[in-house]
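Novice: What follows is the residue order along each chain.
2 protein chains.
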Amino acid sequence: MTTTLHSFDTAIDLADNGNGQYVGQTTSDYANMVGPFGGVTAAAIVRAIERNPDRIGEPVALTVNYLAPVTDGRFDITVRAARTNRTNQHWTAEVAQQHGVTTTATAVFGIRRDAWSDTEPTMPPAPDPESIAHTATSGPVPWMRNYDMHYVDGGIPTEPADSASSTTTLWVRQRPARALDFPALTALSDVFYPRVFLRRGRMLPAGTISLTTYFHVDGTELAAQGTDFVLATARAQRFARGYFDQTAQIWGRDATLLATSHQIVYYKD
Amino acid sequence: MTTTLHSFDTAIDLADNGNGQYVGQTTSDYANMVGPFGGVTAAAIVRAIERNPDRIGEPVALTVNYLAPVTDGRFDITVRAARTNRTNQHWTAEVAQQHGVTTTATAVFGIRRDAWSDTEPTMPPAPDPESIAHTATSGPVPWMRNYDMHYVDGGIPTEPADSASSTTTLWVRQRPARALDFPALTALSDVFYPRVFLRRGRMLPAGTISLTTYFHVDGTELAAQGTDFVLATARAQRFARGYFDQTAQIWGRDATLLATSHQIVYYKD
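In order, the protein sequence lines correspond to chains A and B. Read in the UniProt record's numbering, the first sequence has 79 at position 79, and its numbers run on one by one without any break. Read in the UniProt record's numbering, the second sequence has 50 at position 50, and its numbers run on one by one without any break.
These are computed hints drawn from the structure, not numbers from a lab. Note that the structure is a prediction, hence the values are computed from the model and not measured. You can trust all of the hints, since none of them are fake.
Quick partial rundown of chain B residues pointing at chain A, CB under 7 Å, derived from the structure:
1. Leu67
2. Ala68
3. Arg83
4. Thr92
5. Thr104
6. Trp116
7. Ser210
8. His262
9. Asp269
Where a beta carbon is used, it is the ideal one built from N, C-alpha and C, also for glycine.
With the hints as constraints, model all of the structure from the sequences given.
Specialist: And the structure:
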C-alpha cells in the first residue's frame, strides 16, 4: 500500500533535531508572489510546538511576525517554552535560513476546562457553499490552488473600481479535502487576499507584517468540523499611510466561532 | 524650580545600561490586583525600544505576552532589533526579574509615507465627556486612579446581573492630564476592565495573557490629540471554556482612529 501525504502536510513536514530545533523545506505548491504563503509558515510553527515533548495543552494564541521573505529551500524552526504555568504555556519561536532570521513568533498553549461560555457575534448570513461557484484562481499565486474558495461577498476584484467596503466573506476548505486541525486553522486565518486590493479594485504591493490568531476551540471540537467548509470573513478598519489592519472570524458550518484573527499589512499605493 | 515627573513617566522611567538593556522599578501608583497594570508594562517596553539608538520609525504593531506577574521592585527589559528593513524594523523584547522571565514581546516599528488612506468604521456615538459623570474608582485597583474615566456604555457592574453585551465604551484620559504619546496610547489599549465581569455582573479571576495593538497614526498626529479625552470601546467575541478575546478601538475626539487592539484573557467561572 502506498500512502501519499497531503500537500499541506508535506509543506509543514518537519525533521526533529532535538532541543526544540526543527527543519523544514518549502514546497512549490504553497508558493506566494514572494516566498511561501504566510499561512503555511505560521502553520509550520504551530506544528513544531505541537511536536515538542515539553508542550502542554493546545493553541490559544499565536502571533507571527514576517521579517523577510522565506526563500526556496530549507528553513530552521527553533521553539522554546519560555514559561510553563499550571494550565498554560508561553512559547517563543524563530524561523531562520542561511541569510538570517525570517520570522519571529510567540504562542500561548493552554488547557481548557469547564467554565461559562458564550459567543456574541452571529455568523454572517451566507448561502450554502455548494450553491456558489468555486473561484478558479489563476497563475501568480500557487498556494491558492490548495483551497476551494466560494466567495459570498467581496471576491477578488476583476475590474479597476474602488469599493466602499473592505469586507470579504468566503466558504473555504483545503483541496483535496483534509480534516481540520490547528495547523490548518492557522493557515486559514491568513487565507484572505489583501483588503487594499478590494478597496482599490486592483493589485498593489502589499504583504502581512504581523499576524495574530486566537483559537476558541479544543482539538476535539476542531476535529468535529471534519473536512467541511468553514466560513471566513475579514475586513480592514484603517488604511493609514502604508499600513492597514485586518480583523477576521472563522466559523464552522455549524456556527461555531473557531478562531478570530488580526493582522497588520504593509501596502504601497 | 522643581519639576515633578508625571506618575506615568515615573512608572516607565528606565535606566539605560547599554546594548538594549534597560532597568525600571514598579511603582505603587500603577499596581493592579496582582503585580502592575499590564498596560504600563507594555508601555515600558515601547519606551525601551523608542530609546534604543538602533530604532527607526515609530510603533506600528506590538504584541505583549504576560507569562507571570511582575513582582514589586526592579525589572529588566532587554530589547533587540531582529531585522531592519528599508521602512520597517522588527523587535523582540523580554522583561525579567530575579524569579525569571515575566513578559515577552514583539514589535514592528515603521516609517509612514504618503499613500491612499481611509478609515472604515465610524466612531461610536457618545455625548461629550464633560456631560458624563466621572467614575470614582475604589480601592482594589490603584492604577485606575491615574485615569479620568467617563463611561458612555457598559460601566463596571454594580449589581450581580448578567448582561447580554460585553461592549464597554468610555471617554478616558490620564490624570493628571498628560499629552498623548505612544507609551500612553499603548497603556490605554489595556484600560478596559475584563469583559467577563460585564457579562456575568461580578468580578471573577481574570487576567490578560496576550495583548496586540496596531497603531494607525504617527507621532505628529498623536501629539495633535494633546491632553484631550479619547473614546475607547471594547467587546468580546467568544468566551470559550477559560479564555475570551477582546477587540478594541481607540478614537481621538476628532474622530481619528488612533489604534485598534486585541487581547486574549484567562478567566475562571
